[in-house]
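Undergrad: Counting from 1, one number per residue, gives the positions in the sequence shown under full-length UniProt numbering.
If you're looking for bench data, these hints aren't it; they were derived computationally from the structure. Among the hints, erroneous ones may be present.
Subject to a maximum C-alpha distance of 16 Å in a straight line, what follows is the list of computed EDC-like cross-link-like pairs (lysine to aspartate or glutamate) [claimed, not checked]:
1) Lys-11 - Glu-31
2) Lys-89 - Asp-120
3) Lys-42 - Glu-12
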Amino acid sequence: SLDADGKKRMKENPIPEVLDSKGWAELLGIEKRIAAFRGISKIMTNQSVIWRQYCQSKNMHLSDPPCGWGKKLGPFQRLLLIRILAKEKLVFAFTDYVVQTMGKEYVEARTTNLAEVYKDTDKTSPIIFVLSTGADPTGMLLRFAKEKKMERKLELLSLGQGQGPIAEKLIRDARRNGTWICLQNCHLAKSWMPGLRRVL
Numbered sequence: 001s002l003d004a005d006g007k008k009r010m011k012e013n014p015i016p017e018v019l020d021s022k023g024w025a026e027l028l029g030i031e032k033r034i035a036a037f038r039g040i041s042k043i044m045t046n047q048s049v050i051w052r053q054y055c056q057s058k059n060m061h062l063s064d065p066p067c068g069w070g071k072k073l074g075p076f077q078r079l080l081l082i083r084i085l086a087k088e089k090l091v092f093a094f095t096d097y098v099v100q101t102m103g104k105e106y107v108e109a110r111t112t113n114l115a116e117v118y119k120d121t122d123k124t125s126p127i128i129f130v131l132s133t134g135a136d137p138t139g140m141l142l143r144f145a146k147e148k149k150m151e152r153k154l155e156l157l158s159l160g161q162g163q164g165p166i167a168e169k170l171i172r173d174a175r176r177n178g179t180w181i182c183l184q185n186c187h188l189a190k191s192w193m194p195g196l197r198r199v200l
């Protein structure tokens, strides 16, 4: 149908309580571009109660989309649907996707053996900890430093605005004196990361 200006009117969102206007527009967009999604807006309109319940379910990322769409969509296409319908569930859905497509071992946390990692490092090869939410390797590092009798030669610096020059000085001193540096919260100093590479 057309609006008063003669422009094509967007289909009406059948589940505005759980899907905002931006999400509905995104759904119409992928329906137009990806063959597997063809007809989903019509089904969602005709079966709005079922789709609303699906979007509101606690573990919707583990459930098949209703009205037969679980069989129509592949694993990655289901991720696209979850991203549109329930962004807050996307992280969990990605975990499930990795398990399905790559294997459970890729999502299981492995205990880091610092002694083994340490063997592969030198003054120009740092150890980088990529952490999940809430993880903190500081305690493990402090214990390892004590084992190596380096607890008095370990400097901890939390990065942030203006900390780059301080970190550079600590690194230069460490290379000269054999001390250790632990730079925390590197994600807060993205703009300084090229500087870190130069120093190393």
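Undergrad: Work down the list of hints and note, for each, if the structure agrees.
TA: Do the hints match the structure? See the list:
{"no.": "1", "hint": "Lys-11 - Glu-31", "in the structure": "12 Å, holds"}
{"no.": "2", "hint": "Lys-89 - Asp-120", "in the structure": "38 Å, violated"}
{"no.": "3", "hint": "Lys-42 - Glu-12", "in the structure": "10 Å, holds"}
Violated hints amount to a single one, hint 2; each of the other numbered hints is respected by the structure.
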